[in-house]
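Asks: Protein chains in written order, with my numbering: chain A, 1 to 130; chain B, 131 to 674.
A hint or two may mislead.
So the derived label-pair ranges between C-beta atoms look like this [to be verified]:
| # | chain 1 | residue 1 | chain 2 | residue 2 | range |
| --- | --- | --- | --- | --- | --- |
| 1 | B | Leu401 | A | Ser24 | 48 to 58 Å |
| 2 | A | Ala63 | B | Ala308 | 57 to 67 Å |
| 3 | A | Gly79 | B | Ala264 | 36 to 46 Å |
| 4 | B | His243 | A | Gly79 | 22 to 32 Å |
| 5 | B | Leu327 | A | Glu99 | 38 to 48 Å |
Read the hints as simulated data drawn from the structure, not as lab findings. Backbone N, C-alpha and C define an ideal beta-carbon position, used for all residues, glycine too.
Chain residues, written in single-letter form:
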Amino acid sequence: MTGISLELRSAVPPYEQIRSQISSLIAVGSLAPGSKLPTVRSLAADLGIAAGTVARAYKELEAAGLIESRRRNGTVVLGPAPAAGGFGSRGPGDTPMAEVLAAVDRLAAATRKAGLDAEAVIGLLRGRLK
Amino acid sequence: MEFYLPPAVFLGPAAGAAVVYLFLRFVVWAPQTGSSAATVSKHAFWVGIIGWMASSLQGSMNAGIIQASSVPGNYPDRPEDLVTALGWPVAATLAVHAIGQLSYPAPKQSRRHAELSIRRIRDFLPRGLAWTTAVIFAGAAAAIIWISALPGFDPAQPVTAPDGSYSRTGQDGRIPGAELAAWLGGGLILLAAGTLLVLWLIARRRRLETLDAGDNRALRTLAMNRLLRTVATIASGLAAIAGNFAARPAPGEQYNSWFNALGLFNLIVLLAMWWWRPGELPSVAAIDKQREAPLSRDTHAHPSARLSASIGAWLGVVAALPLFGGLFLIPAMAAAGSWGFAVWAAVIAALLLLAIAAGELLTGANYGSRDASVDWPQQPVSRGLLGTAIIGALLLCVVLVLTAVGQGMLYEVPAWPAVVGLTAGVFSAGALAWWAVRRRPAIPAPGKTAGLDGALRAITAYRIVRTLAAYCFVQTGLLLMTLSHALLPLFEEPRSFVPQDSPFSIAAGAVVATLGLAIAVTPVRSLLRALPRAAGQHLEGAAP
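With the hints as extra help, turn the sequences into a complete structure.
Replies: Rendered as structure tokens:
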């Protein structure tokens, strides 16, 4: 089951956390094209935040061409944005993608085990990826 | 069709809804321990209990029947009576379940989690129960359609010749079948639509941060189970009202008795739904599984302790047999007068107390020794249970006095001598059981099992006082329900020569009797866990 987490004490605004996580999940194929996202109200209720915050995240994702709000079908994933040398349209079942996802899971587990700050680890990762 | 809706009709239900909301918030919030899987489980349990209590159609069983009396009776046969008698149980049940879903706490932690999936009703619906409920709704709809074609008829008034040489008893009439079918059908449609809405609410409401994904999923299924079981009993209750309407003999028809087959259908549905287990949250079930095997099967436990646990299980059988046997004698007990149901309650209580006494004699004969010293517990019964028993006894005395005075004012044959006699019999059986536990030879329990004798006596004392407390509450509830008409003359001027039932008294009686049943099934697990044992393990008893 695909999920997102929100850290309210983070310096990153909640809408940006939602946007970036959904964007990443679409990019790595965890959210396949055509899959439906929960409604703004439902996601806001689960996260215990204002509906406007989720609506803003959805609006930015829609502007980026990652999702589309349809009157009858709700909010639907369109697919990953065209990436230069990125994952392209590969899904999570592809071997390189599976390896990356497994590595991310291991990194998350190691971060929690070490009690490190998530932002610090993300900063480290960002530096290594550059 | 005239219709009058009192302006303050929604005030009471709104206040009731607020009380239910605050209570459920308090249960799930658990200020002392904090919200957890256990408190959430308890919250779901109370939603089911309150919803079930609100679902009673007892006040509308004679809907559509016109009483054979020159003054207006208390059977709902006018639109304003029918809408409240049929509408409130349906609306209240649905409201309680909806409030249950809305009373879960919002996330509090700084770290929040959500799943990116759409929750649909079918993802959590217990299929077997849903199909059973659908069949019951279809059966109720068929019964309502059937009575829509039945004609109404006027009541036949009782007649007595001035010189007393001739008399004829009256016979109830009924409103046109189409009219009652419209009200019942409306109630059934409201129930079906409301059930779908609450199911949707259960599926869509926010996830609880204190539960993991498995528990969150199970909680929705559990809530749907409780809702479906309750609405199924309401639907079958509406069918029973239709059956009661259809079974009434027409004026001039020769009859000795009449039978409501749909009432039996209602009873079967009620029992089936009662036994349809809602399941548990996986984390709570895992904790239960970790606990040891029932004491009755624990080979490390002292044989007398195992016997005590087995007696607890057998007490359930002793109570269940006359309880369910009596369900088939309800018409006979109702016809016997106000003491009919009192006999039922007293027989069950007396049988239980005699079984407890027999259990003590068996324990003493098998494991007791005259040489061992008797270990009588310092406080054989907890203050809470003792207080409950005293309150129950006082409540029974007060209600007995009030109903006796009320019946005196109505020049009725008093019920109190029978009830007092029956209660004396029950308390005599209780005294016999108490004597048995006091006089039982002590059980020699050296070493690690020291204190076993006292602990076993405490368990029996608990069972005796629990039975007496439950009897007092149930008997009080039955009196309030069956003699509600005797209470009205005490508080207001009679408006007719025909005694009027008091809906408030009936509702209060139902609540008090339910309390009594809850007391009767309160298990002695904590006492069984505390039993001294040789293996040094903590034991969990399943005995009531």
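Asks: Now tell me, hint by hint, if it's right for this structure.
Replies: For each hint, the structure was consulted:
1. B:Leu401 - A:Ser24: 48 to 58 Å: holds, 54 Å
2. A:Ala63 - B:Ala308: 57 to 67 Å: holds, 59 Å
3. A:Gly79 - B:Ala264: 36 to 46 Å: holds, 40 Å
4. B:His243 - A:Gly79: 22 to 32 Å: About 25 Å separates the Cβ atoms of His243 of chain B and Gly79 of chain A, which means 22 to 32 Å holds.
5. B:Leu327 - A:Glu99: 38 to 48 Å: holds, 47 Å
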